[in-house]
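Asker: Turn these sequences into a full structure, and let the hints guide you.
First to last, the protein sequences are chains A and B. Mapping the first sequence onto the working numbering, position 620 (from 1) lands on 620, and the numbers just tick up by one. Mapping the second sequence onto the working numbering, position 158 (from 1) lands on 158, and the numbers just tick up by one.
Since the hints were derived computationally from the structure, they do not count as laboratory data. There may be inaccurate statements among the hints.
Examples of chain A residues toward chain B, derived with CB under 7 Å [stated by the list, open to error]: (1) Arg11; (2) Gly21; (3) Met196; (4) Gly247; (5) Val668; (6) Gly672; (7) Met703; (8) Leu704; (9) Leu714; (10) Asp716; (11) Glu718; (12) Ser721; (13) Gly760; (14) Thr763.
Each residue gets a CB set at the ideal place from its N, CA and C atoms; glycine is no exception.
Take a look at the letters that make up each chain.
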Amino acid sequence: MSTRVFGSGIRRREDPRLITGAATYTDDYTLPDMVHMVLLRSPHAHARIKRIDTTRAKAAPGVVAVFIGTDVEGALNPMPCAWLVPNSNLKVAGYPCIAKDMVRYVGDIVAAVVAESPYQATDALDLIVVDYEPLPAVIDPEKAKQSGAPQVHSNVENNVAFHWTVTGGDVDGTFQKADVVIKERIVQQRLIPNAMEPRSALAHWSGASGELTLWNTTQNPHIARFLCSVVTGVPEDKLRVIATEVGGGFGSKIPAYPADFITVFCAKKLNRPVKWTESRRENFQGTTHGRDHIQDVELAATKDGKVLGIKATSYSGMGAYLSTAAPGIPTILHGLMLSGPYDIAAIREDVYGIYTNGTPVEAYRGAGRPEATFILERLMDMLAAKLGMDPIDLRKKNFIPKFENGHTVATGLSYDSGNYAGALQKLVDHVAYKDLRRQQAEDRKKGRYLGIGISTYVEICGLGPSQVAGAVGFQGGLWESAIVRFHPTGKVNVFIGANPHGQGEETTFAQIVAEEIGVDVNDVKVIHGDTQTTPMGWGTYGSRTTAVGGAALVMATRKVKEKAKVIAAHLLEAAVEDMDYKDGKFFVKGSPDKAKTIQDIALMANVAWNMPAGVEAGLEASSFYDPPNFTYPFGAHLAVVELDPETGQIDVRRYVAVDDCGPQINPVIVEGQVHGGVVQGIGQALWEGAVYDENGQLLTGSMLDYALPRADRLPDMEVLSTVTPSPHHPIGVKGIGEAGTIASTAAVYNAVIDALSPFGVQTIRMPVTPERAFNAIQEAKAGRR
Amino acid sequence: MKFPISVTLNGRPYRREVEPRQLLVHLIRDLGGVTGTKIGCDTSQCGACTVLLDGVAIKSCTALAVQADGTSITTIEGLAGDGQLHPLQEAFWNKHGLQCGYCTPGMILAAHELLRTNPQPSDDQIRHGLEGNMCRCTGYQNIIRAVREAAAAMRRKG
Ligand code: FES
Ligand code: FES
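Answerer: Here it is, written out as structure tokens:
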């Protein structure tokens, strides 16, 4: 091949079906005889259920059945938690699929109605009478821990689900001898992921064979199958989960959900296909949220700006129940990352996971790492302000120096490779940082308030070695798998266990195969999302699909190549050692004109007329790749915001990202991932946040009330990169799915504070709405008077 | 009580009896198995359900099926003509204007409306023209690029 397809921004293979409306997401399937399920959800954040009367609902037109908690008892096991963080005194409270005596958040499921049409099912919902005895509710995780707070679960004292600590170095000694100690309270507000496709499940039960097919909106169909089996009792070998088209997830489609299993229950019970699709309103209440931490953080430093230690206490809201992976997020994915890109000798964090009467919390893009980055980047800026240093210089002073193969930080993690100063320097040069500051000063004299914010980060991704997963309590493995299958015509099918849902691996994985074995990228079809056809895998999250699944694919392709070489040697009557390979052709060293193409070999292997002795027919290989370490992408971002002090309005005027995810298979897709990630992080800084009232009612319960980023509020982003390969990955790639979100909230927030500082405002809650910014300015003015 | 209506969907005529409360988006998704029109919200915010009603874009979750009586509806499936992608579809593909694709049908049809009323929009006008359509994946930037490219292509075609 003349032009290398690896590293080029080719158009995506998945797009033709998506731009023509031919793609079928879960809700797009209709089966013969299918009925529709809708759910009655609790309107109270905390209440005792005294009585439920479904008589009228059952008699309503079109209604097939109504089920309540007592109906599923025994048939549906409690929802499991699958990240049992060790040494944390974790208390997994009972999580029934349908609440029976108690509801614990607005959105807790109370009943399921199945009817011939969704309209009829919805009508019947209103006819169910539930007699509730409302109880006091608690939403704030810090308050929930105090004695006398409402108890979410009677057997979990002070609502403490777990208490986990990480310690490295002499923290107390460090803080005692430090010249400077900076303290801050950070509130990582609750966010609502809002993947554009609502969640959905369609269950088809075949009574005769005892087989169940579940179409489901999931990022990880194999985990979904596993957990579905655990909860519904359908044996795993008779369960098929299909999630071939998923409309975004951002973490909210990782966990198992009661609704999906109730759908399965109904399908089995009624012996008819049952479909459930949430409304957006339901999504706001019943699909997992993200973040929700209140954190007291401290930094110790010398007077010339060397950071010595970090100390933090986090009250992390879990919501009413522990969602599948929830306990791992504020702990393993957060506390262990508190060194960031910096050399910090002493680190400690205490994390309290707290039950509240909110919607259960799960991973949300970045999951733990944006919060860790925020702590460090906020404290860095505060230290810079205190010492009168430039934030760039301060960061440079504290970076871990460039390393290519391993660096261990105080929390015990061993980073793979990094060049943090390199990424920051690229950013500084690109924006001409000094000029930018000069311009800012001039503008300020003219009454224009710009703020410049920096954020540098390193993230842990490519989750991860399975042995580590086990050691940190993750109830599964974290390897990935791939099968590479050559057809007689030389066309290739790739089957993967991971499940991309927008990230473009149908394209980038074809590029990997093309690179490794010289086939045309258009001759490779990548298949995912169906547990019946794909090998086991742990799913798409944690920026791991390319980092881990891509490695599995490289390994499988290389196995195919080895076999092809043996067959080629046989066909060319040469010794295997004498064989050479280039661009899809196998030939004897020195005679490239007499070559066997990979297509020739695929044909021969499939017809097997003339195979080397002892070599099996077929050209196919699989690999189960368990990475030796995590990968650690990094980068440096800069935001410029403009504040209108008269109204408090803040606009992002400029955004520059420098990210290092190792070699890029498809730079256009990498850029797209950065765009999307950055905007989600900007959303957190400026617009998004779940608001509950004191009774636990979700006030931001619709797209009208919860401010998602819109096209007209955003600038064009400038996306740059550096390339530092991971030493342990077969092609060096690290992962890019979450980088944007991890960096951008802190960058924008720091820019906001920079813009507000002339008014004496040093801290402000996120999202920094115009109202908050305006009030902060007024309060600071009043305080000065 | 049901009302008889007739609509043309992507060039094909249909007659149906519909409940007065049925939403147009549900009718479209039920009619002939074309499910490219998506539902992303219940408050008219997201635009995933955008279709062309007699050539003009509307959010089909915000109209009743009965209101579409006698009209001609174009969904994403009807946009490509003669096996040829519409320039907007082509541009979204070229510019990586989609990731999960869920917002895409609505986004493309909203962009269609924008270019119908303003064939040469500035980036700012594109951003404002699409503010009623939400995308959680792309950060919008490549969507803006795609619409810009499509506008140029459509002007060239005349
Ligand atoms: S579904 Fe119509 S605007 Fe969201
Ligand atoms: S591409 Fe996923 S919502 Fe727009």
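Asker: With reference to the structure, classify each hint as holding or not holding.
Answerer: Results of checking the hints against the structure:
1. Arg11: holds, 6 Å
2. Gly21: Where the cut-off is 7 Å and the nearest Cβ of chain B is about 2 Å from Gly21(A), the hint holds.
3. Met196: Holds, because the Cβ-Cβ distance from Met196(A) to chain B comes to roughly 4 Å (cut-off 7 Å).
4. Gly247: At 3 Å from the nearest chain B Cβ, Gly247(A) passes the 7 Å test, so the hint holds.
5. Val668: holds, 5 Å
6. Gly672: holds, 5 Å
7. Met703: holds, 4 Å
8. Leu704: holds, 5 Å
9. Leu714: holds, 6 Å
10. Asp716: This interface hint holds because 6 Å falls under the 7 Å limit.
11. Glu718: Violated, because the Cβ-Cβ distance from Glu718(A) to chain B comes to roughly 10 Å (cut-off 7 Å).
12. Ser721: Violated, about 16 Å.
13. Gly760: violated, 33 Å
14. Thr763: violated, 28 Å
The structure fails hints 11, 12, 13 and 14 (numbered hints given earlier, in ascending order).
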